[in-house]
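K.L.:
Those protein sequences? They're chains R and W, same order as listed. In case it helps, this note's numbering puts the first sequence at residues 1 to 383. In case it helps, this note's numbering puts the second sequence at residues 384 to 530.
Hints listed in this document are in silico derivations from the structure and should not be mistaken for laboratory results. Keep in mind the model is a prediction, meaning the values are calculated, not measured. Take these hints with a grain of salt, some might be off.
For lysine-lysine, the following BS3-like pairs were computed, each having C-alpha atoms within a straight-line distance of at most 25 Å [claimed, not checked]: (1) 203/R x 502/W; (2) 121/R x 394/W; (3) 502/W x 514/W.
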Amino acid sequence: MPANQQVAIVGVGASKFNTVTSGLSYKEMMFDAAVKAYADAGLDPRTDIGSFICCAEDFWDGNSITDEYMPDQLGAKLRPLFTVSGDGLLGIAHAYMHILAGVADIVAVESHSKLSDVVSKKEIINLGYDPVFGRLPHVDPRYLAGLEMRRYLEESGNTHEECAEVVVKNRGNALRNERAVYGAKVSTKDVLESEEIASPLTKLEESQPADGSVVVVLASRRRARKISDRPIWISGISWFSDTPNAEEMDFGQARYALHSSIKAYKMARVTNPSKQIDFAEVDDTYSYKELQHIEALGLAKHAGKFVSSGKGDPDGVLPVNVSGGSLGMGYFIEATPLIKVYEAVLQLRGMSGKNQLPNPKRCVVQSWRGIPTQSGVTAILSR
Amino acid sequence: MDLALNEEELKRWSDHIPLMWKYTAGIAGERFLQLLKQGTLQASVCKNCNKLFLPPKIFCKDCFAQLNEWRDVSPDDGFIYSFTSLTSGDGRRTVVLVKFDGVEGGLLGFFKPGREEPKIGMKVRAVFKPKQERKGSLSDIQYFEKI
Chain R
1 MPANQQVAIV GVGASKFNTV TSGLSYKEMM FDAAVKAYAD AGLDPRTDIG SFICCAEDFW
61 DGNSITDEYM PDQLGAKLRP LFTVSGDGLL GIAHAYMHIL AGVADIVAVE SHSKLSDVVS
121 KKEIINLGYD PVFGRLPHVD PRYLAGLEMR RYLEESGNTH EECAEVVVKN RGNALRNERA
181 VYGAKVSTKD VLESEEIASP LTKLEESQPA DGSVVVVLAS RRRARKISDR PIWISGISWF
241 SDTPNAEEMD FGQARYALHS SIKAYKMARV TNPSKQIDFA EVDDTYSYKE LQHIEALGLA
301 KHAGKFVSSG KGDPDGVLPV NVSGGSLGMG YFIEATPLIK VYEAVLQLRG MSGKNQLPNP
361 KRCVVQSWRG IPTQSGVTAI LSR
Chain W
384 MDLALNEEEL KRWSDHIPLM WKYTAGIAGE RFLQLLKQGT LQASVCKNCN KLFLPPKIFC
444 KDCFAQLNEW RDVSPDDGFI YSFTSLTSGD GRRTVVLVKF DGVEGGLLGF FKPGREEPKI
504 GMKVRAVFKP KQERKGSLSD IQYFEKI
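With the sequences and hints as input, model every part of the structure.
P.N.:
See the structure below:
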């Protein structure tokens, strides 16, 4: 069955990913990514791009009306632009809709992280909780990750050791990805014995902050075929939000990923994901989230066994986070899934470098918006 | 003109955002907090879905009905849905999410410090602070303890 070919990625660009980006403002990082993406697509933003979409949050940029500061460095002054208060993959979904609705034939999506500038990271996460019922006094806001992890392991039968295997795999994968900054050879013992954040979650099971900006250029089918000789199609995309109330969440499964993947697979005519998907870039903000997401996306029934038996390795049956994922590349707040899209596009083009997979044709990219949310996006990319 | 800035300050400016809010608890929230101060728990009831919500809301997230019925939930009928231990400035504490049979949602709080180890499924009761110390907030529940 041919892929759904209505909207394609025709250009990608990224600033250098790093733990600290000394001397460059986030606007300059955005400019860097944009210049590269437009060169990759062979387009002039001042004349060729009909719509610009940013994915950013006021608190992370340290500025109210942060959306107003987006146009100039993207070549979007006096052009249609709006900012999505959501993750980068939601921006891709908006671009898809703009193109199908006829708003624009070519759309640019941007998202960035300058987490090295954010001094009060934990305080911002804490402000995400319900002010009356969720903000526990003097408690690290990552308590929700600890609660979810413990309950998820209990219900799924996956083990803490299998969570540690996720870290070993992803940080190992990052060693073969020249764009990743958290590549390392670690053992499950290192992971399990690292400092406790919120039991059972340990320090090495949490993705660490990184800086970066990514720009993705999308085009309609008609334009994509003219612009690019290697378009990467958005074959399916869907997004779901579950309850924001911590007390009512289902920690046993990632329902946002389950439902968004069912819809995205249907759009992409994927009937058996574990057989028809060549590789997956799934959210791994925390070790256990990768396992939870693998199961929700229907890639494996028992994700712990799947990972510990090597099935998700680069040479396994269905490589998961061959880029290194967030554990290996870093956590980029709202840009996190756009980094995954960038890596997936390089893989599908055969340009990934040392971590290139042999001839992949179709992948799934999935996002989660982090604690304390239960929302996310699933997209199917194919060539 | 202030010439005291050093090279690092030229590279990165420091600023902070000193802001305050007053959050409205709302119809359901205010009622819940008033009752909490009296040492009781009440859930809102959705008759369509036959569900109880805790903390209570005036809307049902499943059928979208408006809710205006309330039902007592016994503070003694809880069980631990999940727990996590964290170390902060105040020392090591265990956060629990406690649920109640037949109730959607639950309550976040702390497990009683001591030798008892929490377990998923453990039956617990909410222990309230002495009446004069209660403020009408979740922290009116001092901790949850094993029954």
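K.L.:
Run through the hints listed earlier and report the numbers of any the structure violates, in increasing order.
P.N.:
3
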